[in-house]
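Enquirer: Sequence:
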Amino acid sequence: ELQTLLETHIYGKTPTRDLGPFQTRIVDIDPQALNGRATRKQISITIDDKLQLSIDLLVYLPNQAEEQVPCFMGLNFYGNQTVHADPKIRINPRWMAGKSKIGIKNNRATEATRGVYHERWQIERLIKRGYAVATAYCGDIDPDNYQHDFSDGIHPLFYRDNQSKPDPGEWGTIGAWAWGLSRILDYIIESESAINAKQVAVIGHSRLGKTALWAGAQDQRFGLVISNNSGCGGAALYRREFGERIHHMIKPVGYWFCGNHANFSHREQELPADQHMLLALVAPRPLYVASATEDQWADPKGEFLAALAASPVYELLGKTGLPSPQ
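Just so we're aligned: the sequence shown equals residues 1 to 326 in this note's numbering.
Watch out, some of these pointers could steer you wrong.
No farther apart than 30 Å at their CA atoms in a straight line, the calculated lysine-lysine pairs in the DSS-like style are these [unchecked claim]: (1) K88 / K99; (2) K105 / K165; (3) K198 / K99; (4) K301 / K165; (5) K251 / K101; (6) K50 / K128; (7) K301 / K251; (8) K101 / K88.
Distance windows between CB atoms, simulated [said to hold, decoys possible]: (9) S164 / N35: 34 to 40 Å; (10) G259 / A112: 33 to 39 Å; (11) L316 / G259: 30 to 36 Å.
Just so you know, the hints here were simulated from the structure itself, not pulled from any lab data. No residue lacks a Cβ here, since even glycine has one placed at the ideal position from N, Cα and C.
Generate coordinates for the entire structure from the input sequences, incorporating the hints supplied.
Expert: Written out as structure tokens, the structure reads:
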């Protein structure tokens with residue numbers, strides 16, 4: 001029931017039609033990556049040949065592991081080459097939102113983007129501690145384009161005859177990204193025997209934090225769900241009406257959500273669902289909600305209150321909720 005409310009009014013319903021099995025191809029493997037500490041794999045997961053849709057997955061595995069390892073898995077904003085300066089990571093050729101200060105030129109990544117977000121990913125630190133890392137560019141699944149008309153990305157694969165965009169209750173871009181995360185998890189379960197499939201954490205920041213939460217809420221196979229500054233439409237409570245709100249998002253990024261979401265612009269108090277319900281759907285699995293105290297736009301207090309309101313569900317299922325209401 002909670003998932004249905006969130007689908008109907010916020011994220012849209014994800015199609016259930018199975019497009020698989022998908023063709024996968026290892027395009028690069030280096031067992032001596034990161035000065036011998038890791039094995040790097042780059043895998044192409046073909047979604048649809050006709051539409052030239054594929055997910056380019058980057059995986060790092062720790063070489064010193066003696067048994068299956070846990071994995072941190074999430075989408076990135078500007079291509080796999082941004083997460084580490086490793087010169088062998090392929091530069092993603094797809095369209096990207098303009099960001100010249102990191103090396104995006106004419107909506108394409110350049111060599112200058114290599115490793116620009118390495119501090120956010122901490123791959124070498126994770127490898128040293130015995131974790132695997134898996135990431136892919138969100139735009140491989142659906143473009144984060146302010147002029148998005150749902151004519152590209154994966155949505156057309158699920159359209160009815162003569163349909164050109166999702167219905168008001170059907171999935172937006174966050175739903176598509178969450179679907180993609182589950183397809184990556186499919187690959188890990190089926191093909192990466194070095195990874196413990198029951199210990200895959202889905203992670204994300206900002207809009208991709210919203211995505212991680214929605215993916216983890218829908219797909220019980222994720223063993224841990226982590227969001228960072230996910231804000232409105234993520235962990236923050238709508239009814240707080242603080243920081244970013246629905247009316248701020250409608251014009252620039254309304255495509256992230258389903259069409260019904262816009263109906264509650266300036267009417268958050270009437271929304272039949274709120275984000276403590278989203279967090280509760282993760283229970284009894286571990287959930288980590290990270291909130292920067294100075295990012296008031298993302299409403300860190302609202303994120304905390306949502307987690308607090310979800311705590312009784314964890315306790316009902318025999319787990320520990322938040323230890324303090326403060």
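Enquirer: Would you mind marking each hint as holding or not holding in the structure?
Expert: Hints, verified against the model:
1. Between K88 and K99 the CA atoms are separated by roughly 23 Å; this keeps the pair inside 30 Å, and the hint holds.
2. Restraint check for K105 and K165: satisfied, since their Cα atoms lie roughly 29 Å apart, inside the 30 Å limit.
3. Between K198 and K99 the CA atoms are separated by roughly 37 Å; this puts the pair beyond 30 Å, and the hint is violated.
4. Between K301 and K165 the CA atoms are separated by roughly 36 Å; this puts the pair beyond 30 Å, and the hint is violated.
5. Simply put, K251 and K101 have alpha-carbon atoms about 25 Å apart, close enough for the 30 Å limit, and the pair holds.
6. Proximity of K50 to K128 is assessed by CA-CA distance (about 41 Å); at most 30 Å being required, the pair is judged violated.
7. Simply put, K301 and K251 have alpha-carbon atoms about 26 Å apart, close enough for the 30 Å limit, and the pair holds.
8. Our distance criterion of 30 Å between C-alpha atoms is met by K101 and K88, whose separation comes to about 22 Å.
9. Checking the proposed 34 to 40 Å range against S164 and N35 shows it is violated: the Cβ atoms sit about 50 Å from each other.
10. About 37 Å separates the C-beta atoms of G259 and A112, a value consistent with the hinted range of 33 to 39 Å.
11. Between L316 and G259 the Cβ separation comes to about 34 Å, which falls inside the hinted range of 30 to 36 Å.
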